[in-house]
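Number of protein chains: 2
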Amino acid sequence: MLVASNRGPVTFVRAEDGGLVPRRGGGGLVSGLSAVAGATGALWVCAALGDADREASRSVPGGRLAPHDVDRHLGEPVGAGHAVVRMLDIDALTFHRAYDAVANSTLWFVHHLLWSTAFTPVFGAPFTREWEGYVAYNRTFAEAVAEDAAPGAKVLVQDYHLSLVPGMLRDLRPDLRTAHFSHTPWAPPDYYALLPARVARSLLEGLLGADHAGFLSVRWARAFLDCAERVLGARVDRAALTVEHAGRTTRLGVHPLGVDGAELRERAARPDVEARRAALAEDLRGRRTVVRVDRTELSKNIVRGLLAFRELLRGHPEHVGEVVHVAFAYPSRAELPEYREYTAAVLRVAEEINDEFGTDDWQPVVLQVEDDYARSLAAYRLADVLLVNPVRDGMNLVAKEGPVLAEDGCALVLSTEAGAAEELGGDALLVNPYDVGETADALHRALTMPPEERRSRCRRLAAAATAVPPERWFAAQVDALG
Amino acid sequence: MLVASNRGPVTFVRAEDGGLVPRRGGGGLVSGLSAVAGATGALWVCAALGDADREASRSVPGGRLAPHDVDRHLGEPVGAGHAVVRMLDIDALTFHRAYDAVANSTLWFVHHLLWSTAFTPVFGAPFTREWEGYVAYNRTFAEAVAEDAAPGAKVLVQDYHLSLVPGMLRDLRPDLRTAHFSHTPWAPPDYYALLPARVARSLLEGLLGADHAGFLSVRWARAFLDCAERVLGARVDRAALTVEHAGRTTRLGVHPLGVDGAELRERAARPDVEARRAALAEDLRGRRTVVRVDRTELSKNIVRGLLAFRELLRGHPEHVGEVVHVAFAYPSRAELPEYREYTAAVLRVAEEINDEFGTDDWQPVVLQVEDDYARSLAAYRLADVLLVNPVRDGMNLVAKEGPVLAEDGCALVLSTEAGAAEELGGDALLVNPYDVGETADALHRALTMPPEERRSRCRRLAAAATAVPPERWFAAQVDALG
Numbered sequence: 001m002l003v004a005s006n007r008g009p010v011t012f013v014r015a016e017d018g019g020l021v022p023r024r025g026g027g028g029l030v031s032g033l034s035a036v037a038g039a040t041g042a043l044w045v046c047a048a049l050g051d052a053d054r055e056a057s058r059s060v061p062g063g064r065l066a067p068h069d070v071d072r073h074l075g076e077p078v079g080a081g082h083a084v085v086r087m088l089d090i091d092a093l094t095f096h097r098a099y100d101a102v103a104n105s106t107l108w109f110v111h112h113l114l115w116s117t118a119f120t121p122v123f124g125a126p127f128t129r130e131w132e133g134y135v136a137y138n139r140t141f142a143e144a145v146a147e148d149a150a151p152g153a154k155v156l157v158q159d160y161h162l163s164l165v166p167g168m169l170r171d172l173r174p175d176l177r178t179a180h181f182s183h184t185p186w187a188p189p190d191y192y193a194l195l196p197a198r199v200a201r202s203l204l205e206g207l208l209g210a211d212h213a214g215f216l217s218v219r220w221a222r223a224f225l226d227c228a229e230r231v232l233g234a235r236v237d238r239a240a241l242t243v244e245h246a247g248r249t250t251r252l253g254v255h256p257l258g259v260d261g262a263e264l265r266e267r268a269a270r271p272d273v274e275a276r277r278a279a280l281a282e283d284l285r286g287r288r289t290v291v292r293v294d295r296t297e298l299s300k301n302i303v304r305g306l307l308a309f310r311e312l313l314r315g316h317p318e319h320v321g322e323v324v325h326v327a328f329a330y331p332s333r334a335e336l337p338e339y340r341e342y343t344a345a346v347l348r349v350a351e352e353i354n355d356e357f358g359t360d361d362w363q364p365v366v367l368q369v370e371d372d373y374a375r376s377l378a379a380y381r382l383a384d385v386l387l388v389n390p391v392r393d394g395m396n397l398v399a400k401e402g403p404v405l406a407e408d409g410c411a412l413v414l415s416t417e418a419g420a421a422e423e424l425g426g427d428a429l430l431v432n433p434y435d436v437g438e439t440a441d442a443l444h445r446a447l448t449m450p451p452e453e454r455r456s457r458c459r460r461l462a463a464a465a466t467a468v469p470p471e472r473w474f475a476a477q478v479d480a481l482g
Numbered sequence: 483m484l485v486a487s488n489r490g491p492v493t494f495v496r497a498e499d500g501g502l503v504p505r506r507g508g509g510g511l512v513s514g515l516s517a518v519a520g521a522t523g524a525l526w527v528c529a530a531l532g533d534a535d536r537e538a539s540r541s542v543p544g545g546r547l548a549p550h551d552v553d554r555h556l557g558e559p560v561g562a563g564h565a566v567v568r569m570l571d572i573d574a575l576t577f578h579r580a581y582d583a584v585a586n587s588t589l590w591f592v593h594h595l596l597w598s599t600a601f602t603p604v605f606g607a608p609f610t611r612e613w614e615g616y617v618a619y620n621r622t623f624a625e626a627v628a629e630d631a632a633p634g635a636k637v638l639v640q641d642y643h644l645s646l647v648p649g650m651l652r653d654l655r656p657d658l659r660t661a662h663f664s665h666t667p668w669a670p671p672d673y674y675a676l677l678p679a680r681v682a683r684s685l686l687e688g689l690l691g692a693d694h695a696g697f698l699s700v701r702w703a704r705a706f707l708d709c710a711e712r713v714l715g716a717r718v719d720r721a722a723l724t725v726e727h728a729g730r731t732t733r734l735g736v737h738p739l740g741v742d743g744a745e746l747r748e749r750a751a752r753p754d755v756e757a758r759r760a761a762l763a764e765d766l767r768g769r770r771t772v773v774r775v776d777r778t779e780l781s782k783n784i785v786r787g788l789l790a791f792r793e794l795l796r797g798h799p800e801h802v803g804e805v806v807h808v809a810f811a812y813p814s815r816a817e818l819p820e821y822r823e824y825t826a827a828v829l830r831v832a833e834e835i836n837d838e839f840g841t842d843d844w845q846p847v848v849l850q851v852e853d854d855y856a857r858s859l860a861a862y863r864l865a866d867v868l869l870v871n872p873v874r875d876g877m878n879l880v881a882k883e884g885p886v887l888a889e890d891g892c893a894l895v896l897s898t899e900a901g902a903a904e905e906l907g908g909d910a911l912l913v914n915p916y917d918v919g920e921t922a923d924a925l926h927r928a929l930t931m932p933p934e935e936r937r938s939r940c941r942r943l944a945a946a947a948t949a950v951p952p953e954r955w956f957a958a959q960v961d962a963l964g
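The listed protein sequences derive, respectively, from chains A and B.
Every letter in the first sequence is one number past the one before it in our numbering, and letter 236, counting from 1, is 236.
Every letter in the second sequence is one number past the one before it in our numbering, and letter 117, counting from 1, is 599.
Hints are computed from structural coordinates only; laboratory data are not their basis.
Note that the structure is a prediction, hence the values are computed from the model and not measured.
Just so you know, even glycine gets a beta-carbon here, dropped at the ideal spot from N, CA and C.
It is possible that part of the hints are untrue.
As the list claims (entries may be wrong) - Which bits of chain B does chain A cover? Going by a derived footprint, with three or more residues having C-beta under 8 Å, they are:
{"id": "1", "region": "601 to 609"}
{"id": "2", "region": "789 to 799"}
{"id": "3", "region": "819 to 833"}
{"id": "4", "region": "881 to 893"}
Let the hints inform the model, and build the full structure from the sequences given.
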């Protein structure tokens, strides 16, 4: 078995003495996979993310890091378990073109409907070079997998960075059984068609090289079918979720990733979280809380969340002085100008609200911009209302973590455009993320919900959230390959 | 028979002596309708667009302007023929909310996919007031029609400003036979869902109050069906183009508006056009031309057109010094900040190109920002290539006018996202409007196409463009009502 993803379970930093020190890899995907991939003894193929990673990769043949290469400097395991990691030495320019320009500035944008179409995207000569980088990056992965995979091995390819790998593997190693999993939404056909025709075709044909293509929700799987039909003229079966193209059939699967409740509760009970919980409770002085936890990502809709909180205070004066919006907005992709502009808007609107309503005694919005996972967990524990209002989101794990940890049960205000809405919609208060009026109404309803209703909804939300923990999610992908 | 549209065939300006002087109403819709509506003796219901219109409206009972009220100060007829015009005195604030805020900043944006979703739209308390204005504006139209329509009369309601009128008329006057026509694209369901739920429902139910709902292309009609199915749960028949909802059936029709070839040629042969043709020919000194004619509208994609022209010059030096891009970019909606930003981008990129390539002898881009219809017609006559690359466009009449007038036949580079692509796609060079590389390649192909191929394609384009002139288009809508 092999796993391929951009980020691996380990990354290296340079110590003061010039040596390389391994760290646990970041990102939600890695956390979900690390625990389970290791246990299977899979080979995990990933990219070197920076110069320290490149040096580590070059220090061992083919970038193959055995567990002892990874763990020898570490007090605690990095989370790869016994997986062998193959870290691919991809040059910085190719990596930049594939990761920043194509994956994060193009594919992320198309699937999340983030472009401002009068101005962006522009597919000209620079994009042609970037796309060549993406192809080269995918080829490096495909060749590494082809080289190391045992006959008939199963290969689990992760996410939009590696869309071309299944198709390339189909050519290089037709004996392999390949699954791809999309952790993002999928664009509807009219929006997917913004991509250059050859790119739109290549991405679909790349994924259709897989035997099994997984998605986080039925909606994203259907959008993929719509695109395959429209762009490739593929024959699709919307009930069976299959696509026939170029003489092959790819089965689609819907695997809604959830959280491991026991592990999450254990983590949230540790001393670092306890200390932050105590500090936050003291700051709140018995006030109620609307909590959000997000990266400052264009799709997360933090600004409209703040605007909704402002409409709540303007429209329902009974909440003035009584509720605190604790908004975690961690830094993200600050190298992109849109993200810097967005971060500035978050800060500005938060200040405006505090300026309009704040008193010596009460700060309506407490914005936390420094990444602190333990503090997020502490906030979940104290949340009365959890606000998860992305404009579009593959799944959204915040909506699943919060209800598991809320000590007195939280009400969940959830965007219809999050993949998680398919599982949680029955007990969440669903909102159109663009409609701050509706969101304000939902916040009011959440804050005034009878406690017993809130607790019973929260129990059902937590049960749904933990129905498919990472191990089961991973196993389902493996099983789907037969 | 009654016609209802925001703009009417006449509008008033104030003369120096304080009196009111009628002028022919502006806009493509009005030109198309004026000639034919008048001939049928229809009553044309429209809005007072400004204070002079409001005063004219108040000067006659109910705002009903008989032909002699309109024509008495005019040397030439205003184009209403013998239609009686009822100009509705809608107060400036309601008009602003309905026209600027809802119609042009919300409905136009949703159907053209123009939002920058991380930042816009925001549906909060201000939008709620704006929407109330849109409802009131539509009600004023519906009540005026209900008041003046003879029993069983046919009513032709035009465009996205008046989406609610058919539904309101269904309640007020169920005896009437009502058609609605959408001159814009229609949004795909995932994008249409950005609208607040009640607004999304109201607009669809408003249109479904009509017996017949017309669209400019099959694609927009299908998108409407998709939205009706998704949002309302309506029963739709994609082959028959019908929608069943609330116990009624609305038939959809596709009526691709074309141009009146004879009238257009006559207009383009007048002395004012001849003079501009001569001046332009002298400026060109035998060089070839890529012509575009647009309002500086976010959806028209002028900036990427310029970028494609730059890629053409960079990638094909043989065109340097030999081709002039004559770009008409007339002012539009300068009251909206996005439009001012867009206009600035057009000017900046044009300057950059002239700076990079221009010589004492040759200015690569000639940007015309002052509205001059005769000069546009002169440019069509001299065009070697016509560039029509909107990101999304209901129809696009430029793509139809140009081939009719091009003296030596023009090659048409046309966006797949223009409604006109359905009729003209066989002989145009189709491009993805976001792909400036592909657009540059198409410009090169257009400039190097053998003259006989160019002429024969252009003849077929002109034939397709004139297949449904406004009279036939209008008659088809009337016929569709039985």
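Compare the structure with the hints numbered earlier in the document and write down the numbers of the violated ones, lowest to highest. Per hint list: single violation, 4.
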